[in-house]
Amino acid sequence: VSQSRYAANFDVVFELDWYIQLKSPKDENLQLAFVRLDHPSVPLAYQRLPQGVVITIETDEVDHFYKKAQQLGCQIVLEICNEEWGQRHFMIVDPNGLLVDVYCMLS
1 VSQSRYAANF DVVFELDWYI QLKSPKDENL QLAFVRLDHP SVPLAYQRLP
51 QGVVITIETD EVDHFYKKAQ QLGCQIVLEI CNEEWGQRHF MIVDPNGLLV
101 DVYCMLS
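Anchor point for the sequence shown: position 30 equals 30 in the working numbering, and the numbering is continuous, going up by one each time.
Derived from the structure by calculation, the hints contain no laboratory data.
Any given hint could turn out to be false.
As the list claims (entries may be wrong) - Distance condition first, Cα-Cα at most 25 Å in a straight line; then the derived BS3-like pairs of lysine-lysine:
1) LYS68 x LYS26
2) LYS67 x LYS26
3) LYS67 x LYS23
4) LYS68 x LYS23
Bear in mind that the values here come from a model prediction, so they are computed numbers and not experimental data.
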């Protein structure tokens, strides 16, 4: 796990080579943590790529985070777009294969 690659605008609270904990600079109660799936603390039955799971993050700065994801070389699986149901979003894949949907509501 690399602070410069995955932290974006979050502050790093704690970091090891297999774990990183991030905190929003705007809301200290908003924290995210990532664990390498092959770490011994992850039960063996769960040490596989995730399937059918989407983490959704809402932000007013979706275009900013899309550009940041491009700069960081993230695997973008859905380019930024506006949906007919009123969302602007894009999707990336984290290093473990988890799908992350970043969106904002259109006004």
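Need the list of violated hint numbers for this structure, in ascending order.
Of the numbered hints given earlier, the structure breaks none, since each of them holds.
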